[in-house]
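Q: This is what each chain is made of:
Protein chains: 2
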Amino acid sequence: MMPEAVLCQAQAEMIEWQNSGMSVMEMSHRGKQFAHIAAMLEADLRELMAIPANYKVLFLQGGATAQFSFIPQNLLNGKTKACYLNTGAWSEKAIKDAGAICEVLVSASAEETKFTTIPERARWVIDAQAAYLHYTSNETIHGVEFQSTPENTGLPLVVDMSSNILSREFNVSDFGLIYAGTQKNMGPAGVTVVIVRDDLVGHASNMTPAVFNYAEQAKNQSMLNTPATYNWYLVGLVLQWLKAQGGVAVIEQRNIAKAARLYQAIDNSTLYRNPVATTCRSRMNVPFILADESLDAAFLAAAEANGLAELKGHRSVGGMRASIYNAMPDEGVTALIAFMAEFERTH
Amino acid sequence: MMPEAVLCQAQAEMIEWQNSGMSVMEMSHRGKQFAHIAAMLEADLRELMAIPANYKVLFLQGGATAQFSFIPQNLLNGKTKACYLNTGAWSEKAIKDAGAICEVLVSASAEETKFTTIPERARWVIDAQAAYLHYTSNETIHGVEFQSTPENTGLPLVVDMSSNILSREFNVSDFGLIYAGTQKNMGPAGVTVVIVRDDLVGHASNMTPAVFNYAEQAKNQSMLNTPATYNWYLVGLVLQWLKAQGGVAVIEQRNIAKAARLYQAIDNSTLYRNPVATTCRSRMNVPFILADESLDAAFLAAAEANGLAELKGHRSVGGMRASIYNAMPDEGVTALIAFMAEFERTH
Numbered sequence: 000m001m002p003e004a005v006l007c008q009a010q011a012e013m014i015e016w017q018n019s020g021m022s023v024m025e026m027s028h029r030g031k032q033f034a035h036i037a038a039m040l041e042a043d044l045r046e047l048m049a050i051p052a053n054y055k056v057l058f059l060q061g062g063a064t065a066q067f068s069f070i071p072q073n074l075l076n077g078k079t080k081a082c083y084l085n086t087g088a089w090s091e092k093a094i095k096d097a098g099a100i101c102e103v104l105v106s107a108s109a110e111e112t113k114f115t116t117i118p119e120r121a122r123w124v125i126d127a128q129a130a131y132l133h134y135t136s137n138e139t140i141h142g143v144e145f146q147s148t149p150e151n152t153g154l155p156l157v158v159d160m161s162s163n164i165l166s167r168e169f170n171v172s173d174f175g176l177i178y179a180g181t182q183k184n185m186g187p188a189g190v191t192v193v194i195v196r197d198d199l200v201g202h203a204s205n206m207t208p209a210v211f212n213y214a215e216q217a218k219n220q221s222m223l224n225t226p227a228t229y230n231w232y233l234v235g236l237v238l239q240w241l242k243a244q245g246g247v248a249v250i251e252q253r254n255i256a257k258a259a260r261l262y263q264a265i266d267n268s269t270l271y272r273n274p275v276a277t278t279c280r281s282r283m284n285v286p287f288i289l290a291d292e293s294l295d296a297a298f299l300a301a302a303e304a305n306g307l308a309e310l311k312g313h314r315s316v317g318g319m320r321a322s323i324y325n326a327m328p329d330e331g332v333t334a335l336i337a338f339m340a341e342f343e344r345t346h
Numbered sequence: 000m001m002p003e004a005v006l007c008q009a010q011a012e013m014i015e016w017q018n019s020g021m022s023v024m025e026m027s028h029r030g031k032q033f034a035h036i037a038a039m040l041e042a043d044l045r046e047l048m049a050i051p052a053n054y055k056v057l058f059l060q061g062g063a064t065a066q067f068s069f070i071p072q073n074l075l076n077g078k079t080k081a082c083y084l085n086t087g088a089w090s091e092k093a094i095k096d097a098g099a100i101c102e103v104l105v106s107a108s109a110e111e112t113k114f115t116t117i118p119e120r121a122r123w124v125i126d127a128q129a130a131y132l133h134y135t136s137n138e139t140i141h142g143v144e145f146q147s148t149p150e151n152t153g154l155p156l157v158v159d160m161s162s163n164i165l166s167r168e169f170n171v172s173d174f175g176l177i178y179a180g181t182q183k184n185m186g187p188a189g190v191t192v193v194i195v196r197d198d199l200v201g202h203a204s205n206m207t208p209a210v211f212n213y214a215e216q217a218k219n220q221s222m223l224n225t226p227a228t229y230n231w232y233l234v235g236l237v238l239q240w241l242k243a244q245g246g247v248a249v250i251e252q253r254n255i256a257k258a259a260r261l262y263q264a265i266d267n268s269t270l271y272r273n274p275v276a277t278t279c280r281s282r283m284n285v286p287f288i289l290a291d292e293s294l295d296a297a298f299l300a301a302a303e304a305n306g307l308a309e310l311k312g313h314r315s316v317g318g319m320r321a322s323i324y325n326a327m328p329d330e331g332v333t334a335l336i337a338f339m340a341e342f343e344r345t346h
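Chains as they are written, first to last, in numbering that gives the first Met the number 0: chain A, 0 to 346; chain B, 0 to 346.
Think of the hints as simulated: they come from the structure by calculation, not from any bench.
Careful: at least some of the hints might be erroneous.
Using 25 angstroms as the maximum straight-line C-alpha spacing, the simulated SDA-like pairs for lysine to any residue come out as follows [as the list claims (entries may be wrong)]:
1. A:Lys31 / B:Ala296
2. B:Lys31 / A:Glu292
3. B:Lys92 / B:Thr278
4. A:Lys311 / B:Lys31
5. A:Lys95 / A:Asp126
6. A:Lys95 / B:Arg29
7. B:Lys31 / A:Ser322
8. B:Lys218 / A:Ser315
9. B:Lys113 / B:Lys311
10. B:Lys31 / A:Met327
11. B:Lys78 / B:Leu156
12. A:Lys242 / A:Ser147
13. A:Lys113 / A:Gln263
14. B:Lys311 / B:Ile14
15. B:Lys218 / A:Arg314
16. A:Lys218 / B:Ala97
17. A:Lys311 / B:Glu3
18. A:Lys95 / B:Lys218
19. A:Lys242 / B:Ile14
20. B:Lys242 / B:Lys92
21. B:Lys311 / A:Ala37
22. B:Lys31 / A:Lys113
23. A:Lys31 / B:Gly306
24. A:Lys31 / B:Met39
25. A:Lys92 / B:Ala203
26. A:Lys31 / B:Ala300
27. A:Lys242 / A:Lys92
28. A:Lys31 / B:Lys78
29. B:Lys31 / A:Ala304
30. A:Lys92 / B:Leu223
31. B:Lys311 / A:Glu15
32. B:Lys92 / A:Arg29
Using the sequences provided together with the hints, build the complete structure.
A: Written as structure tokens, this is what we have:
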């Protein structure tokens with residue numbers, strides 16, 4: 000979901016951007032108009048996340064999934080091992096792809112609870128010789144979210160923040176590297192943000208393609224080759240919208256309230272159930288199952304007829320899933336809760 | 000430059016695509032609406048280029064530049080060497096990046112003519128043990144274009160067609176692999192098309208990230224991870240526009256005429272000069288230098304004041320460059336020629 004104000008602005012500027020005589024997608028990425036758009040994009044992200052000056056901000060292509068491979072290629076720096084937390088489907092993919100590049104130590108896994116918990120910090124096994132510790136701050140499929148940043152791990156912390164970046168406050172200094180696809184809270188798919196501490200840049204293996212080498216891209220303001228210009232522009236519009244809302248602290252309070260109302264409705268019902276431990280429920284993705292799964296199809300059909308789209312759970316877990324990212328207004332959650340109550344009453 | 004009709008349609012459909020209740024950029028890439036957009040995109044490209052059934056068509060991210068590394072990673076298949084023709088700046092980049100993956104034999108180079116020629120076929124040195132022969136069908140910076148496809152090389156032919164794909168007819172069966180960034184003749188930046196013959200798929204090295212492994216992406220209809228959905232949609236609109244123009248054969252005739260008029264104007268002037276041999280002048284990119292280069296700045300300023308944007312030559316070669324891709328209408332070339340004549344008259 001995109002903020003409607005962003006879609007309206009993009010629509011108004013589609014044919015011509017600010018008296019430039021052209022659409023953003025027609026601009027040379029080396030021209031002065033696009034340079035302005037790119038500079039605003041980085042400045043706004045730095046402001047919204049309070050990114051310190053000793054971090055590079057890169058805008059790449061390929062999705063967070065490409066980074067599953069390029070993070071070890073860039074960060075190993077002669078080491079042979081990396082630590083990973085396994086808290087769901089996205090962690091598993093990151094672990095699998097890193098495994099083709101280096102030795103992976105799974106420091107902790109929630110597989111035995113079917114990814115409905117986050118393993119206690121005290122039980123994590125961390126190897127001080129590893130290059131970094133990787134985790135996924137929010138698991139979209141399982142609806143599991145870290146409620147705080149892991150502490151005292153002794154390793155550079157690398158986080159896949161694709162699905163909760165800008166939804167809550169993070170202290171960037173806690174991390175060695177933050178990465179995120181843009182398609183959840185930052186705009187349309189097609190841009191991958193990498194925020195990386197200076198000392199971790201410049202050690203890529205020779206095998207790393209130049210466009211995925213953090214040092215090369217940092218030197219070239221992420222324009223080593225033609226970037227996805229129109230996507231950068233759209234992400235920039237979303238960041239401006241977020242600033243206009245009051246920034247991350249304000250949207251976080253709204254997200255807390257939206258999620259609380261939806262979980263309460265689920266917990267108070269007899270038809271719906273969320274399987275995740277209350278200590279690590281996601282504010283972004285709320286999976287729920289129906290007590291009688293033969294009602295699934297009827298639920299989805301009735302939901303769509305009521306204008307509630309994209310509620311089907313991921314094929315790997317089934318059931319339902321409500322994604323309530325930043326752009327989902329309070330009214331969307333209210334409508335969903337009302338629909339769920341009415342469906343429960345009539346079924 | 001984008002066809003104006005495409006921008007208008009994208010504008011009209013920005014908020015809601017065809018009664019779907021949402022913008023294309025809000026669609027799940029697994030949903031039925033986007034599945035339709037994706038299927039149309041591939042079908043239209045197959046139709047426009049007459050792509051045989053034994054070729055896969057992939058839509059990736061990262062630009063053609065990323066493929067400079069991933070082509071050898073996917074195609075070497077146990078071999079240790081690849082042949083490359085060096086006909087300009089883009090060839091050079093492809094050669095450099097491949098050199099990090101395998102041994103590169105430069106089969107021929109036009110460096111000694113400062114990339115104003117294409118070396119004679121008879122003088123190419125081809126190693127039959129190489130995995131493939133790579134060339135760049137159009138060099139945007141030097142304005143050099145192959146007027147026919149290399150024949151009887153004995154190796155799978157791999158071509159970077161980024162800047163002349165869909166501008167002229169190609170026989171896809173002549174190639175092992177065709178790749179192209181979309182930002183010249185297919186739409187905005189952010190999608191990379193790879194058209195690859197079946198027998199070349201499935202031999203990627205273990206180091207190849209899954210999202211750049213042709214076999215993995217072919218199995219997943221290029222949706223191993225979230226693709227750049229809105230960019231796919233825009234490329235699809237450009238392909239529909241091209242079909243409405245009459246297809247590649249029709250646009251090729253228009254491109255021939257546009258380029259001929261511009262080269263004639265340059266050749267008939269005393270102020271302007273194109274340095275490229277007439278046998279390999281590009282129909283897409285027409286570089287020209289002013290006899291008095293102290294007039295460059297005045298030329299560019301006057302051009303921009305006359306609504307003629309993006310005429311500055313690439314920083315590596317200087318001078319001017321007119322890019323006259325498919326979307327550039329005849330009137331754009333007419334206006335440029337008139338401006339150039341007037342500038343020459345008054346300077």
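Q: For each hint, tell me whether it holds in the structure or not.
A: Hint-by-hint comparison with the structure:
{"no.": "1", "hint": "A:Lys31 / B:Ala296", "in the structure": "16 angstroms, holds"}
{"no.": "2", "hint": "B:Lys31 / A:Glu292", "in the structure": "23 angstroms, holds"}
{"no.": "3", "hint": "B:Lys92 / B:Thr278", "in the structure": "24 angstroms, holds"}
{"no.": "4", "hint": "A:Lys311 / B:Lys31", "in the structure": "13 angstroms, holds"}
{"no.": "5", "hint": "A:Lys95 / A:Asp126", "in the structure": "19 angstroms, holds"}
{"no.": "6", "hint": "A:Lys95 / B:Arg29", "in the structure": "23 angstroms, holds"}
{"no.": "7", "hint": "B:Lys31 / A:Ser322", "in the structure": "18 angstroms, holds"}
{"no.": "8", "hint": "B:Lys218 / A:Ser315", "in the structure": "18 angstroms, holds"}
{"no.": "9", "hint": "B:Lys113 / B:Lys311", "in the structure": "19 angstroms, holds"}
{"no.": "10", "hint": "B:Lys31 / A:Met327", "in the structure": "22 angstroms, holds"}
{"no.": "11", "hint": "B:Lys78 / B:Leu156", "in the structure": "15 angstroms, holds"}
{"no.": "12", "hint": "A:Lys242 / A:Ser147", "in the structure": "23 angstroms, holds"}
{"no.": "13", "hint": "A:Lys113 / A:Gln263", "in the structure": "22 angstroms, holds"}
{"no.": "14", "hint": "B:Lys311 / B:Ile14", "in the structure": "36 angstroms, violated"}
{"no.": "15", "hint": "B:Lys218 / A:Arg314", "in the structure": "17 angstroms, holds"}
{"no.": "16", "hint": "A:Lys218 / B:Ala97", "in the structure": "21 angstroms, holds"}
{"no.": "17", "hint": "A:Lys311 / B:Glu3", "in the structure": "38 angstroms, violated"}
{"no.": "18", "hint": "A:Lys95 / B:Lys218", "in the structure": "18 angstroms, holds"}
{"no.": "19", "hint": "A:Lys242 / B:Ile14", "in the structure": "22 angstroms, holds"}
{"no.": "20", "hint": "B:Lys242 / B:Lys92", "in the structure": "33 angstroms, violated"}
{"no.": "21", "hint": "B:Lys311 / A:Ala37", "in the structure": "20 angstroms, holds"}
{"no.": "22", "hint": "B:Lys31 / A:Lys113", "in the structure": "29 angstroms, violated"}
{"no.": "23", "hint": "A:Lys31 / B:Gly306", "in the structure": "16 angstroms, holds"}
{"no.": "24", "hint": "A:Lys31 / B:Met39", "in the structure": "35 angstroms, violated"}
{"no.": "25", "hint": "A:Lys92 / B:Ala203", "in the structure": "19 angstroms, holds"}
{"no.": "26", "hint": "A:Lys31 / B:Ala300", "in the structure": "14 angstroms, holds"}
{"no.": "27", "hint": "A:Lys242 / A:Lys92", "in the structure": "33 angstroms, violated"}
{"no.": "28", "hint": "A:Lys31 / B:Lys78", "in the structure": "45 angstroms, violated"}
{"no.": "29", "hint": "B:Lys31 / A:Ala304", "in the structure": "15 angstroms, holds"}
{"no.": "30", "hint": "A:Lys92 / B:Leu223", "in the structure": "11 angstroms, holds"}
{"no.": "31", "hint": "B:Lys311 / A:Glu15", "in the structure": "21 angstroms, holds"}
{"no.": "32", "hint": "B:Lys92 / A:Arg29", "in the structure": "18 angstroms, holds"}
Checked against the numbered hints above, the structure breaks hints 14, 17, 20, 22, 24, 27 and 28 and satisfies the rest.
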